[in-house]
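> Each chain, written out:
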Amino acid sequence: MSEDIRIKKGLSINIKGVADKELKKVPLPNQLALILDDFHLIIPKLILREGDSVKRGQPIFYSKSNEKMKFVSPVTGYIEKIERGERRKILKIVIKPSKEDLAVKHKVLSTEKLKSSKIIEILLESGCWPFIKQRPFDIIANPKVLPKSIFVSCFDSAPLGIDFEFILKHQITSFKNGLNVLEKILPNKLKIGLSKHQKYLQAELNKYDTNTFSGPHPSGNVGVHIHHLDPISQGESVWVLRPEDVCIIGNLFESGEYIPTRTIAVSGPPVKNPSYFKTIIGAKLSSVLKNIEFNSDHEFRIINGDVLSGIKVEKDGYLGFYNNNISILKEGNNYKLFGWIPFINNNVPSIYRSSFNWLTSSKPKDYDTNLNGEERAFVVTGEMEKFFPMDIYPMQLIKECMTGNIEKMERLGIYEVAPEDFGLIDYASSSKIEAQSIVREGLDYLIKETL
Amino acid sequence: MNIRGIVDKMKTPFEKGQKLEKLYPAFNAFETFLFVPNHTSKTGAHIRDAIDLKRVMITVIIALLPALLYGIYNTGYQYLYQTGESFTTIDAILHGSYKIVPMIAVSYIVGLGIEFAFAVFRGHQVNEGYLVTGLLIPMIMPVDIPLWMVGVSVAFAVLIGKEAFGGTGMNILNPALTARAFAFFAYPTYMSGNQVWVSEASYVDGISGETILGILAAGNTPDQYSMLDMFIGSIPGSIAETSTLMVLIGAFILIYTGVGSWRIMLGSVIGAAFTGILFNLWGANELMSFNWFNQLIVGGFAFGIVFMATDPVSAAQTLKGKWIYGILVGVFCILIRVFNPAYPEGVMLAILLMNVFAPTIDHYVIESNVKRREKRFLSKLKTA
Numbered sequence: 001m002s003e004d005i006r007i008k009k010g011l012s013i014n015i016k017g018v019a020d021k022e023l024k025k026v027p028l029p030n031q032l033a034l035i036l037d038d039f040h041l042i043i044p045k046l047i048l049r050e051g052d053s054v055k056r057g058q059p060i061f062y063s064k065s066n067e068k069m070k071f072v073s074p075v076t077g078y079i080e081k082i083e084r085g086e087r088r089k090i091l092k093i094v095i096k097p098s099k100e101d102l103a104v105k106h107k108v109l110s111t112e113k114l115k116s117s118k119i120i121e122i123l124l125e126s127g128c129w130p131f132i133k134q135r136p137f138d139i140i141a142n143p144k145v146l147p148k149s150i151f152v153s154c155f156d157s158a159p160l161g162i163d164f165e166f167i168l169k170h171q172i173t174s175f176k177n178g179l180n181v182l183e184k185i186l187p188n189k190l191k192i193g194l195s196k197h198q199k200y201l202q203a204e205l206n207k208y209d210t211n212t213f214s215g216p217h218p219s220g221n222v223g224v225h226i227h228h229l230d231p232i233s234q235g236e237s238v239w240v241l242r243p244e245d246v247c248i249i250g251n252l253f254e255s256g257e258y259i260p261t262r263t264i265a266v267s268g269p270p271v272k273n274p275s276y277f278k279t280i281i282g283a284k285l286s287s288v289l290k291n292i293e294f295n296s297d298h299e300f301r302i303i304n305g306d307v308l309s310g311i312k313v314e315k316d317g318y319l320g321f322y323n324n325n326i327s328i329l330k331e332g333n334n335y336k337l338f339g340w341i342p343f344i345n346n347n348v349p350s351i352y353r354s355s356f357n358w359l360t361s362s363k364p365k366d367y368d369t370n371l372n373g374e375e376r377a378f379v380v381t382g383e384m385e386k387f388f389p390m391d392i393y394p395m396q397l398i399k400e401c402m403t404g405n406i407e408k409m410e411r412l413g414i415y416e417v418a419p420e421d422f423g424l425i426d427y428a429s430s431s432k433i434e435a436q437s438i439v440r441e442g443l444d445y446l447i448k449e450t451l
Numbered sequence: 001m002n003i004r005g006i007v008d009k010m011k012t013p014f015e016k017g018q019k020l021e022k023l024y025p026a027f028n029a030f031e032t033f034l035f036v037p038n039h040t041s042k043t044g045a046h047i048r049d050a051i052d053l054k055r056v057m058i059t060v061i062i063a064l065l066p067a068l069l070y071g072i073y074n075t076g077y078q079y080l081y082q083t084g085e086s087f088t089t090i091d092a093i094l095h096g097s098y099k100i101v102p103m104i105a106v107s108y109i110v111g112l113g114i115e116f117a118f119a120v121f122r123g124h125q126v127n128e129g130y131l132v133t134g135l136l137i138p139m140i141m142p143v144d145i146p147l148w149m150v151g152v153s154v155a156f157a158v159l160i161g162k163e164a165f166g167g168t169g170m171n172i173l174n175p176a177l178t179a180r181a182f183a184f185f186a187y188p189t190y191m192s193g194n195q196v197w198v199s200e201a202s203y204v205d206g207i208s209g210e211t212i213l214g215i216l217a218a219g220n221t222p223d224q225y226s227m228l229d230m231f232i233g234s235i236p237g238s239i240a241e242t243s244t245l246m247v248l249i250g251a252f253i254l255i256y257t258g259v260g261s262w263r264i265m266l267g268s269v270i271g272a273a274f275t276g277i278l279f280n281l282w283g284a285n286e287l288m289s290f291n292w293f294n295q296l297i298v299g300g301f302a303f304g305i306v307f308m309a310t311d312p313v314s315a316a317q318t319l320k321g322k323w324i325y326g327i328l329v330g331v332f333c334i335l336i337r338v339f340n341p342a343y344p345e346g347v348m349l350a351i352l353l354m355n356v357f358a359p360t361i362d363h364y365v366i367e368s369n370v371k372r373r374e375k376r377f378l379s380k381l382k383t384a
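First to last, the protein sequences are chains A and B. Residue numbering for the first sequence is 1 to 451, as defined by our numbering. Residue numbering for the second sequence is 1 to 384, as defined by our numbering.
Isolated chain A (complex conformation):
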């Protein structure tokens, strides 16, 4: 059932500073944190308090809507601080690791003998459940409803994309173990998306239902894979996982322990030595950034995730729960005299040929965070469709998300999309429309009104 799909619409943005394929190990950070914003719409109920000691894999809080869904500590140590914001909302839980490494042991059974419901129970209890997200809504999956299929995209087409083949090569057995666990939950419904160039993974994973994709970004987005292979209609759901999280699940069923290792790429134009680092989920970023050299003293922005859909973090921030990359960009907080006149500021890349930048379009470019304009009403049409390889009208959908018309959102295909699918639209919009936030708000409104 393997298919070969060519994506035509989209844009591959070529940014300077792609990480070299060299894996560096960094020592255990002196602080880690679970950031609650990573778990969208989860309301935490604390099990442990500030100062309590905690083992690796021991639950720190559970979800208010499902007390079986546990969120566990990535290391052994104690809870140093629970940071709260407005109305005592928990923002992050900071953990101080100790030298000793004690892990919560789960009873390991051969996956062969386990039933689907038992596997889900183990995943919930061990803290691995949050790795499984669902479409529609792009939230942590509901364990009570089995999906119609499970998708894993093993390649990243985003700018400064990470090479999952490189990341998985080191842990291919754990990856396969994890895939077997998912197969067990939902037999014959596991679909893996690969790039046409990933020959190693294509050979290693030939036993599974793999499908190859080629073409520009967002060809690696799991949403695009779902849309082409098994589109979601109203009332259906699909689970999605990121490749390294599948390895963590594989390791859990192999060793009985929660081992949250994370291979991250640190990349971006200001980075002199972009490369891959092996660390832990939630690690303090400074522990990784210590090993990075910058090629200028300009102010930087650090992004948890890729430059299109990641989240800005401060220098003293922590690695996000889901992402495999830290992207670094120059802050573009400078004025440009008459910068809006065509063919001025040719150093700023454009998809329109209104600067000479396209002459060197094959070369990696320097990008910064300047908006290059101000937000305006929708005027130019047709530009969003060029970067949205789904049979959905993006501008019309965005407009309905803004007005909150649920019936129209449903008719226009809201169930198939996640904010990250609109990353390129944010990038390309001449009116500087914040499409991703609008779609996120639209999805949240839909959840509130319908679930």
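Derived by calculation from the structure, the hints in this document are not laboratory data. There could be a bad hint or two in this list.
[Stated by the list, open to error] According to the in silico footprint, chain B covers these stretches of chain A (three or more CB under 8 Å from chain B):
hint, stretch
1, 2-9
2, 75-85
[Said to hold, decoys possible] Away from chain A, derived, C-beta distances all over 10 Å, residues of chain B:
hint, residue
3, Ile6
4, Leu69
5, Glu85
6, Ser97
7, Ile114
8, Ala117
As the structure is a computational prediction, the values presented were derived from the model and not from experiment. Glycine residues also receive a C-beta, built at the ideal position from the N, C-alpha and C atoms.
For chain A, the structure is supplied; the task is to place chain B on it using the hints.
Frame of chain A; chain B shown alone:
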């Protein structure tokens, strides 16, 4: 002191809590005219394309310049040629500028004045769309129209055509064409006939200012003009619409930079050529038997489909819709020209008509997409 420092100093009284806070949108318009602001992305994608609306609009203006410059020359040329005196190109340009520059000034002063007032009143930023509209309006007027009529038409277009619908991005009709249509119906004697198309034609005896379409509608053949004249544009007509060559240069700029929709332009040409050929075969009167290719290069057709029909706000918004919209603009343009000799210039009415129908076209295009999705959903229900 550098310019940035001066601007920063001037900005203070306009900031929040200061005396002139209410006028901030007006100040902002000047500031962002000078500088692309230092705003960085806050949410969503961290990198952004260099394009913004200012750049889109200024690209359109650059595309308009060849037609405008030729229009200025042609205004002088038509006048001086018919007076019979000897003249140089410079004379022609000087006469054209004397006529046209005040019209552009009036259009911008009145239009931008209203835009700024609305921006301050509503507390939003000044939108750049009027930079294009304000230049288009004088370009599609007859040269002898009094300045006050230009002003009134502009005010009507901006107030009723745009702001009444909610401002930039919400208008149904193309504002520049709204201005022309207003003038056309409010002051018909200044907008049609054979006295208005050549500068001073109504004051100087011996100047005949009929347009080619006007000659045809009267049942005569325009023998005095060759196909080359029509293509280059040395014929009477609205100020900047006569030269197909210059419009093609503009079209090239729009398509090459990616700002204008080639689908609409090509669709219109296909629609008009097809209709033109059909009428050629019929050939019942002068207008019908007028060569279909000449139909494409006389009157405002080329100018209209390149610069007015492609206005993204009032045109169809879906890709398929753009094809349908474009073809229908072409078809209706020739239909109106041929069947309605009272309005020899069909392109304005054709575009306005299709502006009204564009949302309907989009509705059906999107509805077919929705149906596809519903069908998928229903077929699953059946198998389940």
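> Does each hint hold? Answer for all of them.
Evaluated hints:
no.: 1; hint: 2-9; result: violated (count 0)
no.: 2; hint: 75-85; result: violated (count 0)
no.: 3; hint: Ile6; result: holds (12 Å)
no.: 4; hint: Leu69; result: holds (18 Å)
no.: 5; hint: Glu85; result: holds (41 Å)
no.: 6; hint: Ser97; result: holds (24 Å)
no.: 7; hint: Ile114; result: holds (17 Å)
no.: 8; hint: Ala117; result: holds (18 Å)
In summary, the structure is inconsistent with hints 1 and 2 from the numbered list given earlier, while agreeing with the others.
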